[in-house]
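Q: Chain by chain, the residues:
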Amino acid sequence: MIPLSGDIPDSKGAICGKIDSNSVVRGTSTLKRGFAHMLKNGVVMDVTNVEQAQIAEEAGAVSVMVLDKLPSDVRKAGGVARTASIRIIEEIMDNVTIPVMAKCRIGHMYEANVLDETNVDMIDESEVLTPADEYHHIWKWDFTTPFVNGARSLGEALRRVEEGAAMIRTKGEPGTGNVAEAIYHIKKVNEELRTIKSMYDSDDKQELVKMAREFKVSYDLVEETAKIGRLPVVNFAAGGIATPADAAYLMSLGCDGIFVGSGIFKAEDAQERARAVVLATTFWEEPDKVKEAQKMIDERQSLLGLDVKNLDLKMQERGSTV
Amino acid sequence: MSKIQIGILAVQGDVTENFLATMASMSELGIDGTVVQVKTIEQISELDGLIIPGGESTVIGQMSLVNGGLKKIKEKIESGMPVFGICAGMIFLSKNSKDKVVGKVEQPLLDVLDVKIERNSFGRQKDSFEANISMEPVGISSFNGVFIRAPSVSETGSDVEILAKFNEKIVAVKQGNILATAFHPELTRDISLHKSFVKLVDNLN
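So the sequence lines, in the order shown, correspond to chains A and B. Going by our numbering, the first residue of the first sequence is number -1, and it counts up by one from there. Going by our numbering, the first residue of the second sequence is number 972, and it counts up by one from there.
What the hints contain is simulated information worked out from the structure, not anything from laboratory work. We put the CB at the ideal spot given by N, CA and C, even for glycine. The hints are all genuine.
Below, computed lysine-lysine pairings styled on DSBU-like, alpha-carbon distance capped at 35 Å:
(1) A:Lys195 / A:Lys185
(2) A:Lys74 / A:Lys185
(3) A:Lys10 / B:Lys1136
(4) B:Lys1043 / A:Lys289
(5) A:Lys16 / B:Lys1066
(6) B:Lys1087 / A:Lys16
(7) A:Lys293 / B:Lys1075
(8) A:Lys16 / B:Lys1069
(9) A:Lys293 / B:Lys1043
(10) B:Lys1140 / A:Lys16
(11) A:Lys16 / B:Lys1136
(12) B:Lys1075 / A:Lys289
Stretch by stretch, here's where chain A covers chain B in the computed footprint (C-beta under 8 Å, at least three residues):
(13) 973 to 986
(14) 1021 to 1030
(15) 1033 to 1040
(16) 1116 to 1127
Please work from the sequences and hints to get the whole structure.
A: Below you can see the structure in the form of structure tokens.
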């Protein structure tokens, strides 16, 4: 079974219905979180068209994420970044057998509604797009489609779970080809998990209450998370991953899987690189396989990358305080 | 009698959940054995039984092909090792699979379970559902079936026993030492199906 901490069983997104004369229920936490569990040890790849989606599927991607522009192009273009064209999302859904995800703006309830009606398999309420509401994220319990959210600390992750996220990923710094921020975020989450686990193990309820206040989430969610010593939902790495070694390192830090944004299709050797990142993610525990994967790519063809310190726009800061 | 060893294929998918359900089954049945997460040919060679978990069948197939695991698993099943395939695992065991919308997609299959599979048979994630299933042939009268972008069996060979149907679609089958379900018992608290698989492995040992 899977953890159902923080579940709201009678939420609007859970719907009782029928298939012919058989009673069924849809949109439960078991189904939404369960979907994310099926992605574990896999690689989700950002794509902008059918051709890229098919390359991703052939390379062994576990799912594709549809965007209008890859994160590094969003960064260059400036302006307002919104959800991708529905026609392109539908075209991709008709041409690959793996799950299809798409991004909506933070807090944009109606972009999410549109994606839910489009029948994408998961919605990413993403900081890569321009936030539509600086004060509220989407109340994800109202949706039958599962959501994934970014987080750079345990408090942020639990706030998103409390709003109904079925999956968490690190934020990293999207579109930079620089993995440092993703590494920092997963290490921070792990360290905070160790802290609350030790409070739970020593039965220190007072300290756990203080943590709940600091995290701005309910005590019950903090206690249940402390008890299992990990996030109650699947947690992937995202933001700045560009090479097989990047992916393998993040897997070794306890991530359940990998999102690759610009890292693949902004590289000049996309097809080989896609295969190589999947190989390194699957066999991250075997150094010879990771080396074999790393040998498949050419560093001269990697995304050039950006130093995070000199960025004008830090996407990771979007929506992180609320 | 020697200690049994059951492996969970740890290439991609919900490995841990199956690991825990199998551990719980062994302890409830009082069977002395170990559960291991396996990937390499060497690990697979040691097994008395194997569970292929849920995930994406295209990924599990391709990555099992890369390190020779696929060939070894096929060899073991053909020489009688019990195997339990769940969702993607059911697709991977089959002889033939096509997607409901996209149609035929090239993907590596074990080619041991004599069925034709329709992938994503009940629709996309929003159509995923929980429903009550009955599996009388294995003595389970009521089971909470968790169907996530689930496949179904569209045709069966003569040696295949149908264990459960939902809405006229075949969702659980058995063929000799091969057990397969379109739904996810490992996502529920009910370990009765994992227990019947552990018993199958134990009886053969």
